[in-house]
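K.L.:
If you want the building blocks of each chain, they are given just below.
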Amino acid sequence: MHYYKMLLLAFLLLPIVVFGQQDSTTIQLNEVVIKSVNLQKSIYQAQKVSDFIQQINTGKDLANQLKSLPGVQVRKSGANVSKPIIDGLSSSRLVYMVNGVKLENQDWADAHSPEIDADLAKNLNILRGAESVKHGSNALGGVVHVDAGRISSNKNINGSATLYYTGNTRGRGAHLKIQQNSGLIQGFAWRLSANNSKNGDYHTADYNVANSGTSVASYRAELTYKLQNVEIESFYSNYKSKQGNYFGTLTGNVEEFEERIEHGQPLVTFPYAFKIEAPYQESTHQIANTTTTWKFSRKWFVKSQYTYQKNHREEFDVRRSVSSTVPVQDMILSANHFNFELGFKNNTLHAALGVQIRNKENYNQPGTGVTPALPNYLYKEKSVYTHHTLNLNQWLLNAGLRYDWAIMNARGINFLGQKYGENKNFSALSAQVAAKLATEKWDLESSLSHGWRIPESFELYANGKQHGIPIYFVGNKDMSAEKGTKWMNTITYKAKHSRFEFQGFINKVENYIYSVPTHQYKQLFSGPAAIFQFKQQDALLCGIDLIHSSTITPRLEFTNKFTWIHGEEISSKNPLPNISPLRLHNSINYQLPVLGDFEEINLQIGHEWVGKKNNFNPDYELSSQTPSAYHLFNIAASSRYPINQKLTLRISASIDNLFNTLYKDYLNLHRYFVHDSGRSMNVNVQCNF
Amino acid sequence: MKTKHFFKPVLFALVSILMLGLNSCSKDDDLPATPNDENTELGHEEWSKVSFRFHRGHLHGSTFHGSPSNENVRYFKAVQEISYEYDEAGNLILPDSPIRLIKGEIYALEITYFNKNGERINAEFTSEINAPIHQHFFLTKNAKHIDTDMDFSNAESILDYVYRDTNPEDGMYTNEGVSLRGADDPIGLKGYFFVNEAYTQFELNVILVHLIHGTKWDSNGNPFPFNAPSNAFLGTQDLNIKIPVRVFTKRPNNDDFDQFIQEIAEEFHVTAEEAEADWLEAVETPFESGNYWM
Chain A
1275 MHYYKMLLLA
1285 FLLLPIVVFG
1295 QQDSTTIQLN
1305 EVVIKSVNLQ
1315 KSIYQAQKVS
1325 DFIQQINTGK
1335 DLANQLKSLP
1345 GVQVRKSGAN
1355 VSKPIIDGLS
1365 SSRLVYMVNG
1375 VKLENQDWAD
1385 AHSPEIDADL
1395 AKNLNILRGA
1405 ESVKHGSNAL
1415 GGVVHVDAGR
1425 ISSNKNINGS
1435 ATLYYTGNTR
1445 GRGAHLKIQQ
1455 NSGLIQGFAW
1465 RLSANNSKNG
1475 DYHTADYNVA
1485 NSGTSVASYR
1495 AELTYKLQNV
1505 EIESFYSNYK
1515 SKQGNYFGTL
1525 TGNVEEFEER
1535 IEHGQPLVTF
1545 PYAFKIEAPY
1555 QESTHQIANT
1565 TTTWKFSRKW
1575 FVKSQYTYQK
1585 NHREEFDVRR
1595 SVSSTVPVQD
1605 MILSANHFNF
1615 ELGFKNNTLH
1625 AALGVQIRNK
1635 ENYNQPGTGV
1645 TPALPNYLYK
1655 EKSVYTHHTL
1665 NLNQWLLNAG
1675 LRYDWAIMNA
1685 RGINFLGQKY
1695 GENKNFSALS
1705 AQVAAKLATE
1715 KWDLESSLSH
1725 GWRIPESFEL
1735 YANGKQHGIP
1745 IYFVGNKDMS
1755 AEKGTKWMNT
1765 ITYKAKHSRF
1775 EFQGFINKVE
1785 NYIYSVPTHQ
1795 YKQLFSGPAA
1805 IFQFKQQDAL
1815 LCGIDLIHSS
1825 TITPRLEFTN
1835 KFTWIHGEEI
1845 SSKNPLPNIS
1855 PLRLHNSINY
1865 QLPVLGDFEE
1875 INLQIGHEWV
1885 GKKNNFNPDY
1895 ELSSQTPSAY
1905 HLFNIAASSR
1915 YPINQKLTLR
1925 ISASIDNLFN
1935 TLYKDYLNLH
1945 RYFVHDSGRS
1955 MNVNVQCNF
Chain B
135 MKTKHFFKPV
145 LFALVSILML
155 GLNSCSKDDD
165 LPATPNDENT
175 ELGHEEWSKV
185 SFRFHRGHLH
195 GSTFHGSPSN
205 ENVRYFKAVQ
215 EISYEYDEAG
225 NLILPDSPIR
235 LIKGEIYALE
245 ITYFNKNGER
255 INAEFTSEIN
265 APIHQHFFLT
275 KNAKHIDTDM
285 DFSNAESILD
295 YVYRDTNPED
305 GMYTNEGVSL
315 RGADDPIGLK
325 GYFFVNEAYT
335 QFELNVILVH
345 LIHGTKWDSN
355 GNPFPFNAPS
365 NAFLGTQDLN
375 IKIPVRVFTK
385 RPNNDDFDQF
395 IQEIAEEFHV
405 TAEEAEADWL
415 EAVETPFESG
425 NYWM
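Heads up: the protein sequence lines correspond to chains A and B, in order. Position in the first sequence (first residue = 1) + 1274 = my numbering. Position in the second sequence (first residue = 1) + 134 = my numbering.
Bound conformation, chain A alone (with noise of 0.2 Å):
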C-alpha cells in the first residue's frame, strides 16, 4: 500500500525533471517570463478587507476584522474571543492561510481563536467558492488569506510604526514594521515585523464584564532572495496571546444554572480590570517556512515549500490544591508539511500538478493533574491534486481533481483512568469546476467544488467540561468524515453609478458533525455543566449576500448589504445550531482629496441590524429564547498628514456601538450569561517613513 504511493509521487515529481531538461535550452527570455506569470490569479474571485477599513479595525481580531466582508459572520465566546464563520461553517472547516502556509490551528472549540495576528497583514481576503483542490481538505466552508504583501522594493530601510488604543477595553497597543531591498547583495530584502497589544476587560453598554481581558505578542522575521528565476521565500513568525475567561457562569446547581440563564447578565459584577487572572488561556504559535519557486522556462515553474509549526496550548483555571500557574490543559501540536507544484502558464492556460504532505502530531504534556480534553494523535495526509484554468477572452474556465489519503492514530486516558483511541484511515476524493465571464457591464462566476474534511479528535473523542463555560462535550468516536459539495454563484452588474451583487450559494454537507444539548446536566462537584453531544447527519445550508453601492456624487457613496441563511438538517428538515440570523448593514462613505493640510479624508458612518432569530430548533439550545434584534451604529474617520516628503502620520478614529446599545448576538455563545460589548471609541496614529 505505501509503496504504490510512494511510486505514485515519483511518477508524478518525474514530469519535472523530464520538463526541466526539455526546456533548458529556451530559458533565455527568464525576464519576460517572470513579469507574464501571475501564481496569485485565480478564478475564484477573493474578497479582500478595504485598507480604510483595516485602518480603523487597527487591533482588533481577525474575525472583526474580516466580517466587513459578504459572507462572513463572527463567533463569540464574550467579546474577547471570536473566530470568522464564512457561510454558515467555521473552526475546521475553514482553511487559514498565513503567508502561504496552511495554518495548523488549535482551536477545536469555540473558545479558542485562530492563532492570527490580522494586525500584521496586509492583505485579508477570503474565498467562499472555495478551492477545495488547492488547499485540501477542510476548505470546506472557504478560504481566509492572510498575507504580509510583497517586501517594498525601496533600497532604504522604511516601514511604519502604529500607536493604537481601544476605548472600550482601555487597550494599547504597537506594532513596528521595517523592511528593505538590500542594495548590497541583489535580490535580497527583509522585513521585520512585531505587535505588542493587550485590552482589560471589556463593558456592556451596562456592566464591566469581569476576566475577559486579551494580550497579544507577535514577531515575524521574512527574507527573499531572488536570482534569475529562483525565487526564494522564508519566514519564521511567533504569535502568542492570552485571553481571559470570564467564570461568572459557573454556577452551584441545576436550578442556578437554569435561573442564570433566564437572568441573562451576571448576578453580580465586578469593577474593570486590566489583569488577566485564572481561568485564561495562552497560546504560542511559530511557523517557520522556506518556499522557492523556480521559473525553469517561458511557461513552467515549479514550487516547492517546506513548513514546520509548532504550537503550544495551555489553559489555566482556579485550582486549589495546586498553584494555578499549573495549567489544565497543556499540549503541543507540531506539524510538518511539504507541498511541491509543477506549473505551467501560457496566455490561455494556467495548470498545475501538485503533491502534498501533511504530517502532524498532538502531544498531552504530562503533569497537568487534569484528564486532557484530546488524546495524543498522529494525523499524516498525502495528497495529490491538479488543477487548469483556461482563459478565452471573457470566459475563465476552471477544473481540479483531489485525491487525499489520511490517517488518524489516536491514544488516550479518560477521566475514569480507562484507555481510548484507535487507528482511522481516510481517503478521499475532491474536485472542482468554474466558469467565470466578464463583460463590461456584467460579471458571472460560478463554481461548483467537492471537499472533505476528517472529524477533529475533539469531536470523535471529548468527554469533559469546556473551559470556562459550564459545557460539558461529548464526542462519538464512529462518526466519519464530513463530504460537503458547494454551489457558490456570483452576478456582479456594473452601472454607471451604481453596482449590484448577487451572491448565493448551497451547500450540500454529508455527515455534517455538531453538536447540541442533550437537556441533561453533567453533576461535577464544582457544579452542573449542560451536556452537548456531538452527533452527525447529512445537512443543506443556503445563504444569499446582495450588496448595492451607489455613488451620490463623486465623492458620497452608499453601500448596502444585506444577508440571509439558512441551515437544516436533510431528513428533519429541523434548523441547524449556530446559523445567523438576517443581517442588514448600510453606510455612508464621504471622502475629500484635501482639508488643509490633511489629506485622502475618508468619513464613514455605518448601521447594523441583525434581526431576531426565529427558525431556531428549541431542543438545540440552553434557552428557548434568542436574543431580540438589535441595530448597531458606528462612526470613522480616516486621513493621511504629510509632515515631510519621507514622513507621513495615517491618523484614524472611529466610534462603535455609537449609542451604547445592550444587545446581544445570537452566534455569541455566552450570549446565554452576558451581553455583548458596549461603545468603544478607538484612534490609531500610524507613522510611515
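In case anyone wonders, no lab produced these hints; they're calculated from the structure. Among the hints, erroneous ones may be present.
[As the list claims (entries may be wrong)] Simulated crosslink set (EDC-like; lysine to aspartate or glutamate; CA at most 16 Å straight-line):
1) A/Lys1577 - A/Glu1507
2) A/Lys1693 - B/Glu222
3) B/Lys275 - A/Glu1529
4) B/Lys250 - B/Glu222
5) B/Lys278 - B/Glu331
6) A/Lys1698 - A/Glu1635
7) A/Lys1693 - B/Asp171
8) A/Lys1751 - A/Glu1714
9) A/Lys1634 - B/Glu253
10) A/Lys1770 - A/Glu1843
11) A/Lys1757 - A/Glu1843
12) B/Lys183 - B/Glu219
13) B/Lys237 - B/Glu415
14) B/Lys183 - B/Glu253
15) A/Lys1698 - B/Asp164
16) B/Lys211 - B/Glu410
17) B/Lys275 - A/Glu1533
18) B/Lys376 - A/Glu1530
19) B/Lys376 - B/Glu401
20) A/Lys1782 - A/Asp1752
21) B/Lys275 - A/Glu1530
22) B/Lys376 - A/Glu1529
23) B/Lys183 - B/Glu222
24) A/Lys1782 - A/Glu1843
25) A/Lys1847 - A/Asp1812
Given the coordinates of chain A, work out where chain B should sit on it, guided by the hints.
P.N.:
Same frame as chain A, but now just chain B:
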C-alpha cells in the same frame, strides 16, 4: 551552459524528493506518544467522594459533646452519615435516604473530602492560601410541611449553625494542641446545628464557595452568616450538594413522650414497641462512652 541547466532541475527534484521522503518515511501504523494517566498522577484536583457525618449531642457551654454511639440502635441513631461519590461511569451517586433530625436536639456536622486515591484532603481548604477564599454555607431549600407539598412558612428559622473548625483541621477539640479557628475564620468543615422547627422536610444545600476575587470577609472584616453568602461568592464553587432532610419529631417533654415514640414508629414503619425499645437501647448506652467533642 547545458550542463548547468541540467544540473538545476535534477538538484531541485532530488532535494524535493529528499524532503518528501523525510516527511513520509514513517509508517502509517505509527502510534502517538503513550498518554499519561493524569488521574493517578495528581489525584487531588477534584473530589471523588465527600461524606457528611451528623452527630447528635448536647453542649457544655459552647463545646459540643456527642451522644454515645451504639451499634444495636437501629432508628434513634446518634450518628448518621451520608456520602456522595462518583460511580465508574463518572456520574455522581445521589443518596436514597434522608438525614432525620429531631427538633430541640443539637447535631454536629463534620464534612470530609476524599480524592480519587481515597485520601482525606480537607487540609487543602485550611491552608494559608485557601482558608481566606473558602467557606461552607448551609441553606434551607424547598422546605415543605412534612409529607405534603405545602410550603413551610418558617423555613429560614429551621436551622441555626455555629462554625467549629479546628486547627489542625483533623484534630478533635479538647485534645491537646488542638484549638478553634474561631467564628471570625469560618470554614465549615466542622460545626453544629440547632434544630428549631419540627414536622418539615427540606433540602440542606451545602455550598463550598471558592472565591476568585477578594476574600470571604466583608468590607468590615466580618464573615458572612452561615445561610447568607454574598451573591458575589456564588460564582465559583467547589461543592454544591443538596442533602434531603426530615425533621420528623421533636424532643419530648414529660407529657408527650408517647407521641414522640409514635412518630419514630411512623417514620421508620415499625411498631411503637419496637420504637420504644430502640430508644431505650440508645439512652441506656453508657454516656461516658461518648468521646466525640467539637
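K.L.:
Against each hint, give a clear statement of whether it holds in the structure.
P.N.:
Each hint tested on the structure:
A distance of roughly 11 Å separates the Cα atoms of A/Lys1577 and A/Glu1507; the hinted pair therefore holds under the 16 Å criterion. Restraint check for A/Lys1693 and B/Glu222: the C-alpha separation of about 14 Å stays at or below 16 Å, so the hint holds. This hinted pair checks out: B/Lys275 and A/Glu1529 have alpha carbons roughly 11 Å apart, not beyond 16 Å. Between B/Lys250 and B/Glu222 the alpha-carbon distance is near 12 Å, which keeps this suggested pair within the 16 Å criterion.
A C-alpha spacing of about 12 Å is found between B/Lys278 and B/Glu331, which places the hinted pair at or below 16 Å, so the restraint holds. Between the alpha carbons of A/Lys1698 and A/Glu1635 the distance comes to roughly 14 Å, so the proposed pair stays at or under 16 Å and holds. The straight-line distance between the Cα atoms of A/Lys1693 and B/Asp171 is roughly 9 Å, inside the 16 Å bound, and the hint therefore holds. Between the alpha carbons of A/Lys1751 and A/Glu1714 the distance comes to roughly 53 Å, so the proposed pair goes past 16 Å and is violated.
For the hint pairing A/Lys1634 with B/Glu253, the CA-to-CA distance comes to about 40 Å; that exceeds 16 Å, so the pair is violated. Restraint check for A/Lys1770 and A/Glu1843: the C-alpha separation of about 43 Å exceeds 16 Å, so the hint is violated. Restraint check for A/Lys1757 and A/Glu1843: satisfied, since their Cα atoms lie roughly 15 Å apart, inside the 16 Å limit. Between B/Lys183 and B/Glu219 the alpha-carbon distance is near 4 Å, which keeps this suggested pair within the 16 Å criterion.
Under the criterion of a C-alpha separation no larger than 16 Å, the hint pairing B/Lys237 with B/Glu415 is inconsistent with the structure, at around 20 Å. Pair hint B/Lys183 plus B/Glu253 holds up; C-alpha atoms about 10 Å apart against a cutoff of 16 Å. Taking the CA atoms of A/Lys1698 and B/Asp164, the gap is about 12 Å. The hint holds against a cut of 16 Å. Annotation: proposed proximity of B/Lys211 to B/Glu410 holds, straight-line Cα distance about 13 Å (limit 16 Å).
The suggested pairing of B/Lys275 with A/Glu1533 holds, with an alpha-carbon distance near 15 Å, which does not exceed 16 Å. For the proposed pair B/Lys376 and A/Glu1530, the alpha carbon gap of about 13 Å is at most 16 Å, so the pair holds. As the CA atoms of B/Lys376 and B/Glu401 are separated by approximately 21 Å, the hinted pair breaks the 16 Å bound. For the hint linking A/Lys1782 to A/Asp1752, the alpha-carbon distance of about 21 Å lies beyond 16 Å, and the restraint is violated.
For the hint linking B/Lys275 to A/Glu1530, the alpha-carbon distance of about 12 Å falls within 16 Å, and the restraint holds. At roughly 11 Å between alpha-carbon atoms, B/Lys376 and A/Glu1529 fall within 16 Å of each other, so this suggested pair holds. For the suggested pair B/Lys183 and B/Glu222, the alpha carbons sit about 13 Å apart, so the restraint of at most 16 Å is met. For the given pair, A/Lys1782 sits about 10 Å from A/Glu1843 by alpha-carbon distance, which is consistent with the 16 Å threshold.
Our distance criterion of 16 Å between C-alpha atoms is met by A/Lys1847 and A/Asp1812, whose separation comes to about 10 Å.
Going through the hint list in order, the structure does not satisfy hints 8, 9, 10, 13, 19, 20.
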